[in-house]
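FYI, the numbering for the sequence shown is 2 to 188, going by the numbering used here.
In short, the hints are calculated from the structure, not lab data.
Among the hints, a few may not be true.
[Stated by the list, open to error] With a straight-line Cα cutoff of 27 Å, these simulated DSSO-like cross-link-like pairs (lysine-lysine) come out: (1) Lys187 / Lys80; (2) Lys44 / Lys56; (3) Lys187 / Lys84; (4) Lys187 / Lys56; (5) Lys100 / Lys44; (6) Lys126 / Lys187; (7) Lys172 / Lys126; (8) Lys126 / Lys56; (9) Lys173 / Lys100; (10) Lys100 / Lys56; (11) Lys173 / Lys126; (12) Lys172 / Lys80; (13) Lys56 / Lys80; (14) Lys100 / Lys84.
[Claimed, not checked] Across the chosen pairs, the derived CB separations fall in these ranges: (15) Phe174 / Ala110: 31 to 39 Å; (16) Glu139 / Asn109: 17 to 25 Å; (17) Asp83 / Ile60: 16 to 24 Å; (18) Thr182 / Lys100: 14 to 22 Å; (19) Phe174 / Gly53: 37 to 45 Å; (20) Gly112 / Phe174: 12 to 20 Å; (21) Ala110 / Asn145: 38 to 46 Å; (22) Tyr93 / Arg150: 15 to 23 Å; (23) Glu36 / Met166: 16 to 24 Å; (24) Asp141 / Trp58: 19 to 27 Å; (25) Gln143 / Trp58: 31 to 39 Å; (26) Thr147 / Gly119: 27 to 35 Å.
Just so we're clear, the structure is a prediction, and the values are computed from it rather than from any experiment.
The C-beta atom is built at its ideal place from N, Cα and C for all residues, glycine as well.
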Amino acid sequence: MITQPKKSTMSLVRAVLLGITMLTLTACSISIEGESYEDISPKFDLASFFTGEVKAWGIVQNRSGELVQRFTVSIVGDKQDDKLILDEVFEYGFGDGPKTRVWTIQRNADGTFSGSAGDIAGSAKGISYGNAFNFAYEMDLQVNDTTYRVNFDDWFWAFDDSTIMNRSYIKKFGIVMAEVTIFMQKQ
Numbered sequence: 002m003i004t005q006p007k008k009s010t011m012s013l014v015r016a017v018l019l020g021i022t023m024l025t026l027t028a029c030s031i032s033i034e035g036e037s038y039e040d041i042s043p044k045f046d047l048a049s050f051f052t053g054e055v056k057a058w059g060i061v062q063n064r065s066g067e068l069v070q071r072f073t074v075s076i077v078g079d080k081q082d083d084k085l086i087l088d089e090v091f092e093y094g095f096g097d098g099p100k101t102r103v104w105t106i107q108r109n110a111d112g113t114f115s116g117s118a119g120d121i122a123g124s125a126k127g128i129s130y131g132n133a134f135n136f137a138y139e140m141d142l143q144v145n146d147t148t149y150r151v152n153f154d155d156w157f158w159a160f161d162d163s164t165i166m167n168r169s170y171i172k173k174f175g176i177v178m179a180e181v182t183i184f185m186q187k188q
């Protein structure tokens with residue numbers, strides 16, 4: 002005669018399997034230590050780089066590395082009082098019309114940055130590390146007819162005073178779902 006395991010044994014087995022799954026998924030996440038960029042030059046100055054006109058070219062890749070979108074961005078930045086206003090116009094390569102976003106970014110007393118935009122949930126948090134800058138925020142990302150709340154881990158690295166690379170990791174439940182790579186050049 003075959004007996005069923007006790008409920009407490011089944012609960013323990015489920016908990017162990019869930020723990021193993023979470024450890025496996027966590028091992029797949031991206032982690033960048035900003036402090037390692039502190040002594041690398043040139044120093045990236047967010048306001049100096051984005052004041053004026055910036056042109057950008059980018060791609061979006063899914064978890065498998067497949068290209069799912071390409072785009073260009075025209076950015077016009079303006080300092081207003083203690084704020085940096087970035088007016089972005091995105092042109093997509095796969096038939097979507099232009100999309101706009103206006104960022105308002107300010108430097109906080111402790112040297113960090115705060116930012117907001119219409120499709121950003123809450124406040125974006127930014128910090129400079131030598132030639133790098135990290136911006137983290139939640140965004141309502143529309144895909145077809147559905148909107149998803151995702152986390153952006155957005156990294157910028159300066160090559161010189163007029164050229165930067167940007168790498169964004171789009172996460173849902175702590176898992177990288179897509180990556181965005183952007184080359185930006187000050188005009």
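Please name the hints from earlier in the document that this structure breaks, with their numbers sorted from lowest to highest. 5, 12, 17, 20, 25, 26
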